[in-house]
Amino acid sequence: MWFGHPPEVVYGAVLVVSALLTVLYFFFSDVLDGLFDVADHPLFSPQLVLSFFIVGSAVGLLAEWYTDWASSLVLWLAIGVALVAVLLLHFFVFLPLRSAEASLGYTDADLEGALAKVIVSVPPDGLGEILISRKSGAVAKAAKSANNEAIPSGEEVIIVQMENGVAVVARHDPYHLSI
Numbered sequence: 001m002w003f004g005h006p007p008e009v010v011y012g013a014v015l016v017v018s019a020l021l022t023v024l025y026f027f028f029s030d031v032l033d034g035l036f037d038v039a040d041h042p043l044f045s046p047q048l049v050l051s052f053f054i055v056g057s058a059v060g061l062l063a064e065w066y067t068d069w070a071s072s073l074v075l076w077l078a079i080g081v082a083l084v085a086v087l088l089l090h091f092f093v094f095l096p097l098r099s100a101e102a103s104l105g106y107t108d109a110d111l112e113g114a115l116a117k118v119i120v121s122v123p124p125d126g127l128g129e130i131l132i133s134r135k136s137g138a139v140a141k142a143a144k145s146a147n148n149e150a151i152p153s154g155e156e157v158i159i160v161q162m163e164n165g166v167a168v169v170a171r172h173d174p175y176h177l178s179i
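Take the sequence shown: its letter number 50 is residue 50 in the UniProt record's numbering, and every next letter is one higher.
Simulated from the structure, these hints should not be mistaken for lab results.
Keep in mind that the hints are not guaranteed to be accurate.
As the list claims (entries may be wrong) - Straight-line distance between alpha carbons at most 25 Å, and here's what the computed PhoX-like set of lysine-lysine pairs gives: (1) Lys144 with Lys117; (2) Lys135 with Lys117; (3) Lys141 with Lys117.
Between the sequences and the hints, there should be enough to build the whole structure, so can you do that?
This is the structure we're talking about:
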């Protein structure tokens with residue numbers, strides 16, 4: 001008897017509460033992360049803590065139902081399996097996802113100095129459009145000429161500056177650059 005209840009009831013209650021908290025965290029994670037600014041250690045993220053309790057309680061519940069082992073042995077088995085599952089989840093799912101998220105994002109400042117191709121001609125006093133090829137895909141941006149000159153479609157340009165989401169571009173000459 002644990003807390004005045006059979007182990008199966010305790011494992012089942014932990015499983016249900018952990019699953020409900022996981023669903024709530026899924027929907028409200030941005031709000032909760034802003035409210036509770038805890039130390040950002042990747043092994044103590046809410047996803048991993050909740051996964052630990054879900055896996056541990058599920059293993060404990062199944063072992064209590066289908067084996068005749070002592071409850072203390074089942075508890076240690078549940079803790080061990082949950083630790084292994086959480087470590088595998090951390091190293092093979094969450095770490096690769098975290099590094100992938102960081103590599104896909106960019107800011108306007110990251111685009112300055114990048115080469116691009118004009119896809120809609122840039123008039124001397126108006127806006128055209130450029131296509132910037134990046135590792136994560138291609139990005140189209142509005143563009144205006146840095147020297148107030150017309151730049152035809154298909155021309156290679158360099159982004160001199162970003163102003164409110166509009167790229168200020170100049171013709172790219174690999175041997176001479178006049179800005």
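Hints violated by the structure (numbers, ascending): No numbers; nothing is violated.
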